[in-house]
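**Q** Please arrange chain B on chain A, whose structure you already have, making use of the hints.
Each chain is listed here by its residues.
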Amino acid sequence: MSRHVDRITLSVVRGVLETTQREMTLTLEKTARSSVFNTAHDYSNAIFDHRAEMILQGQDIPIHLGSLMPAMKAVAGFFGDDLHEGDVIYHNDPRYMGSHILDCCMYNPVFYRGELVFWTVCKGHVTDIGGPVPAGYNPDAKDLYAEGLHIPPVKLWDRGKERKDVVNFMLSNMRARRDQEGDLRAQYGAVKVGERNLIALLDKYGVRTVRDCIDELMDMADRQMRALIGSLPDGVYEDSALVEDAGHGYGDLEIKARVEIRGDTCKIAIDSPPQIPYFINSYAGNSVSGVYLGLMMFAQVDPPYNEGLYRCVELDLGPKGTLCNAVEPAPSVNCTTTPMETLADAVRKALEKAAPDRAVASWGHANGVNIAGRDNRNNEEYVSMILASIISGAGATGFMDGWHACGPQCCFGALTSGDIEVLEHSYPIIIHRYSLMTDSGGAGKYRGGSGTVWEVEPLDHEMTVITFGEGRRFPALGAAGAHSELNDAKVGRLVVHTAAGEKVYRDNVVITIKPGERAANHNPGGGGYGDPFERSVECVADDVRNGIVSVIGARAEYGVVMKPGTLTPDEEATTRLRSEHAAA
Amino acid sequence: MASKYRLGIDAGGTFTDFVFSDNEGNIRLFKSTSTPDDGTQAIDAGLQQISAAVGRSVADILADTDLCINGTTIALNALIQFKGVKVGLICTAGHEDSIEIRLGHKEDGHRYDAKYPPARMLVPRYLRAPVRERIRSDGKVHIALHEEDVRAACELFRREAVQAVVISFVWSVLDRSHEHRAAEIAREMLPGVFLSIGSEVFPQMREYTRTSTAILNGYLGPVLQGYVSGIDAYMRKRGLRTPVQYFQSNGGMATGRAMAQKAVYAVNSGPASAPQAGLYFAKPLGIDNIITVDMGGTSFDITLTQGGRTNISKNIDFLRYRIGVPMIQVETLGAGGGSIAWIDKSGLLLVGPQSAGAVPGPACYGRGGREPTVTDANVVLGYLHPKYLLRGRLKLDHQAAVDAIQARVAGPFDMTVDAAAYGIFRIVNNNMVGGMRRVSIERGHDPRDFALVGAGGAGPLHITALAAEMGIRQVLVPKLASGLCAFGQIISDVKYNYMSACPMRLDERADFSAIRDLYASMERDANDALRAEGFADADIGIERSMDLRYVGQVHECTVELGSMEISAATFPEIRARLDRLHKQLFTYDEPESLAEVVNIESTVFGRVPKLNPPRYAQGGADASAAKDHERAVVFAFDGGIRRVPTPIYDGAKMLAGNVVTGPAVIEEETTSIVVEPGWVAKLDPYGTYVLTRT
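Listed in order, the protein sequences are those of chains A and B. So the first sequence is numbered by this note's numbering: it starts at 1 and just counts up by one. So the second sequence is numbered by this note's numbering: it starts at 1001 and just counts up by one.
Rather than coming from a laboratory, the hints here were simulated on the basis of the structure. Warning: the hint list may mix true and false statements.
Stated by the list, open to error - Examples of chain A residues lying across from chain B (beta carbon under 7 Å, computed):
1) N38
2) M400
3) I420
4) S435
5) T438
6) R545
Stated by the list, open to error - Simulated restraints on C-beta separations:
7) A:D219 with B:Y1588: 33 to 41 Å
8) A:E380 with B:P1591: 16 to 24 Å
9) B:R1393 with A:D215: 25 to 33 Å
10) A:V504 with B:W1342: 51 to 59 Å
Even glycine gets a Cβ: it sits at the ideal position worked out from N, Cα and C.
Next comes chain A alone, as it looks inside the complex (with noise of 0.2 Å):
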C-alpha cells in the first residue's frame, strides 16, 4: 500500500464509515412521523468528503445515490466560500440536480477545527410537496411549476441558529405539516448522528490518516470497477428499452444506449426522444442514477461502494431537452420511476453484449399508490406514499429463480414494505390483502420472482387513490432465452372493486374510493431467464403445490402436464410436450 495506512486501521475506518451511514439511516427511520421514512426506508444517507465526493454510498436505494453525486456538487458549488459552521442546507431542485422534487435532501457540511472535512447527507421521500394532487404524483401536470414546491440550495441552519422563517415557509406549502415537520427533525437527526460519529472517528485516528484510508477505499473501488470492464472485449455495444405509455397519449418511448469500451474505461451515451409534458421527464442528476443502476446490475461488484467506482466511466446523458437530459419546464415527478428502470435496463443489455454471460433479467417496475384522506380519530389530514403498494418480483439470474417480493427495480430490495398493522395503526385503512401472486413471475429455466397485491379499504371516510409508474403493459424482461404465454398474469395494474363492480387501470389515475369500496394494486413480476421448457420438472410441480404457478401456466410456459386433481406431474405427457415443443 502506497500509503501509510495499516490494514487494520483502514478496516476500522472502513467499518465506522459504514456503521455511521447505518447509523443515520437507523436515526431517521426510528425518529420519522411518516411511513415512508419510519417503515419503507424511501431514503437514502450517505457521506462525501471535503471536495464534495461520495465516499461512502451504504446499502440504501440506488436510485437516489447516483443522483446525490452531481447533486452535491452543485450544492456545494452554489455556496462556494459561503458555508460555515453549523449551517444545514436544504434542496429539492431538479435544476440543480436533485432527482423529484419529492425527495428532499439535506446537506449538513462537517467542521473539524475549522476545516470542512465531510458532509453528511440525508435524502428521503417526503409524503407532499404542496402542488394540487397530494403526495405530488400529478398526472395532469404540464409543467414543472404545477407539480409542487421546488427548493433552490438554501440554508435551513445558519451558523446553528435555525431560520425559523425559511422552515415555516417551507412547511406552511405542505400537507400534513405535523408529519412533515416531524420528518425534518429526523433528517436533522440523522445528519447530525453522523457528524458525532465522523468527529470521534477524527479525534481518534486524526484528519490526515483518516483521509488516507479514505483514498485508499476510493482507489479500491476504481481498481474493482477497472479489474471488470478491463476483462471486456473492447468495442461498441448498443441497446435499447421501451417506456411504456401509461396515458400520455406520446406512444411507447424508445431509450437506446451505445457503450463504448476501450481498455479500463467505458463511456456510456444515452439516446432518448424529446422531452414530454408528462411527469416522466428525468433531468440530469436523476438520469446518472439510472445509468449507474444499470452498471451496477452488471456489474456485481463487493462493496466498498463510493465515487471512485465510477471514475473510470464517461457519461453522456444525450441532448437537452431529451427525456433523460430534461430541462425546464419538464414536469418530472415520476422520474425517480420511469424512465428511471427503463433507462437502467437499455444500459444493462448494452453491457450484457460484451459479457453475455453476465445477463441478468429486469426486475418488475414500479407501479404504486398514494393515498390522502382526513383521518377521523384525531381531525387531521393525511397523505403518504404506500411502498407496500410497489413491491414487484426480481429477476431471474443465471444462478437462480428471482426472489419473490424484492423490488421494484429502482429500489433493488433496498425498501422495507412496512408492517401492516403499523401502516393501519398509522393510517385509517384495512388492509385487505397483502400477497404474492399466481403466475406473476416471468417463465424461465430460473423462474422470475412473485410480484404482489396489496389491497386497501379507507375506514369511515373517503380516501383518495394516486397512481404512478408503469409496467402494467410490458412484462419484465427476460434473459438467455426465456419467454412467457400468460403475460397478463405477470403485469400491474389497479383494480377498483365497487358495489358497481370490478374497474381496471392501467394509466396513471386519481381516483376516490368510499368505505365498503377496495382498491387492488397488482404488481408485476420479474422476469425469467432461460428456457421455461429447460426448468426441472420438480421445480415447476413444487411452484405449482405452492399457488406460485398455475396448472394451467405448468403446462402453456413450461410444458410440464400435472395429473388432473392432482399436484402430481404426469411425466409421460410431460415429456412428450416438452419433445414436441424441441423439435418444433
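**A** Positioned in the frame of chain A, the structure of chain B alone reads:
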C-alpha cells in the same frame, strides 16, 4: 439455594461440557462426547466422571445438587440444519405470505449480489392456511371468525401430518378471542399437536414479527420438548430433587416446562452465557470491554461486551428469521474443530460449514472419519498432542490425520502435508476473523479497545493467531475455557421476560392504574414460579421497561425503569428518561411533543448466590517446573512456515505468576493454548492465562 453443589451442563454439537462446583470454591470441568440422538447418554458419561472424581455416587451427588443447568444448542442446531418439525400456519386470509414477502426487503450487504438466495421457508406456502376473520386497528371485530376455515385448515394439516400448528392473526394483540377459539378447534381436531399462538409467544404489535416468532416457536417447540422431557425424566430418575433449569437466549434460566412452550427463547441458549463468564474472569483485571470467542467442535460463537454491558437484540433477523423476543447478541459461524476442509469446483480450499461432528468426528479420532478437519490440522501442526486428548481419555490417531490431509488436500494441491495443514488453519482463522469484524468493526467498535476471551475446546489453539489478525494485544484464556458457557450458566440468575401491548397516550392524565395492573399481572405469575422454585422474596428482583415514542413515530425507545412504580408522581421522571434517551440516541429530543406507550416489559429474576472465585497457588515467573516435554510444532515466520522445537507445559503444574514465552503450548486437561512467537502468557491468581503481545 443452600445445597452443596452446582452443576452446569452445556450440550454442544461435539462435546457436552460439565462445570461442577462445591460450596468451598472448587470448580471442576468435565467433558463427554455428545450423543445427539439421546442427550442423556452424554450426561450419564459426564456424571460417571464427576462421581469418580468426587468419590460419591451419582445419586448422592445429585441429591445434594441445587442448580443443574442445561444450556443446549439443540434448538439452534435444529434451525441451522432445518431439522425442526413440519409446521402448518393458520393466518388471516390475505396475509398468508407475510413471512415470505419479508417486508419486501433483501438484506444489506447483498444489494447487487446475483447469487444470494432467498431465505428458506419454514412453512411452505401450501401449509399456510388462510382463515376469514379480521380484527381492526381499533380492536373491533371487522370480520367474525369463520370457524369452517379453521376446520378446513386442520383437515389439511391432518392429511399432511403436520406436527406443530401456528396460529397468528392480524391485530390479535388487541383481541385474542379469534386466536383462542382457533386454538380450541385445533386442540379438538388435532389432539397432541404442538400449538404456538402469536399473541402468547410475542404479545406485541407488528404482525410479521409476531407471526415469524410464533413460527420459529412451533418449528422448534416439539424438538425442544422431546429433549427437555428426556433430560428431566432422566435427572429425576438419577436422584435430582429440584427441577432442571435451562439456559435461555435472554441470558437467564427457566424450567423445562416453561422453556418447551417458549422454544424460541432457547434458540441461542448455549452461547448466551459467554459474556457473563468472560466478565467474571476479566473484572479482577480491571477489564470490562471483552470480545468472547467460543470455538467448539461445530460452531464458533462471538459476543461483544462494552463497559460491562452486552447488547440485547429485539425484533432482529436471526439466521435470516425475524425474532421479536429479547436475545443476547451472538454471532455464530459454522467453524469448529470438526469443520471439514474441502476443495470446491473452482479449486479453492474451503473449511466448513460442514462438520464431522462427534460421529464420525475428525479422522484422527479413528472412528471412521475420512475427511480432514481443523482438529486434524491442529494435530499435524503439533498444536494438539499427537497421541491423545482429555488426559488420555480420547486416543488420537496421528497417522489418520496425516492420511486424510494428504488424500484430500496435500495430494490434489501437490504440496506438503504441513503446508496443507497450515492452509486449513489459516482459512478457518480467516473465516472467524470475518465474524469478529462483523461484531466489532462493522458496529463501530475498534477491536484494539477490547480484550479477547478465548473459549471452547478449540478456541485457545487459535486465539493468538486470531488476536494478531484483529490487532488485539491482550488475550484471556481461563483454565475453564473449554467449559466457559457451562460456567456462565451456574453464575446466572433465573430470568423470565414478560411483555404486553399497552397502547396509550402518556401524559399526566394517563390511566396509570391500568399500566400498574398490567405489570402486576405479568409479575404475579413470575413471582409465583420463582417462589415455587425456592427463591426467597428478597432474592426476587424486577426490571421494568417501557417502549415509548413521540406520537406520530412508529418506532419506540426502550426506556429502562428498574423497579420504579408507575404513577402520576413518577410520570415526569419517566418522560424525562424518554427525552434523555432520544437525545442520546438521535442527537435531539422533543420535550414539547406528546408521548405514547406501545409495549411494556418486565424481566423478573431470581438471584442466584455468586460463586467465590477459585484461587490458585502462587509461584514465581519461572515456569520451568511445569515444562513437560518438547515437540516440533509448526509456526509461521517471515519467509514461510517452519517446524521448530517447542516447549510444552503441563497446565496442571502451572502456578499463578508463572510466565511462558512463545513459541510454546500449554496443555490444559480439556484444551491447549498455543502461544505463538511474539506472545507471552502469565497465569493470574484466578486461573486465567493473560496473554500479551510483546
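**Q** All hints are to be evaluated individually against the structure, with a verdict given for each.
**A** Structure-based check of each hint:
{"no.": "1", "hint": "N38", "in the structure": "holds, 5 Å"}
{"no.": "2", "hint": "M400", "in the structure": "holds, 6 Å"}
{"no.": "3", "hint": "I420", "in the structure": "holds, 6 Å"}
{"no.": "4", "hint": "S435", "in the structure": "holds, 4 Å"}
{"no.": "5", "hint": "T438", "in the structure": "violated, 10 Å"}
{"no.": "6", "hint": "R545", "in the structure": "holds, 5 Å"}
{"no.": "7", "hint": "A:D219 with B:Y1588: 33 to 41 Å", "in the structure": "holds, 37 Å"}
{"no.": "8", "hint": "A:E380 with B:P1591: 16 to 24 Å", "in the structure": "holds, 22 Å"}
{"no.": "9", "hint": "B:R1393 with A:D215: 25 to 33 Å", "in the structure": "violated, 57 Å"}
{"no.": "10", "hint": "A:V504 with B:W1342: 51 to 59 Å", "in the structure": "holds, 54 Å"}
Checked against the numbered hints listed earlier, the structure breaks hints 5 and 9; every other hint is satisfied.
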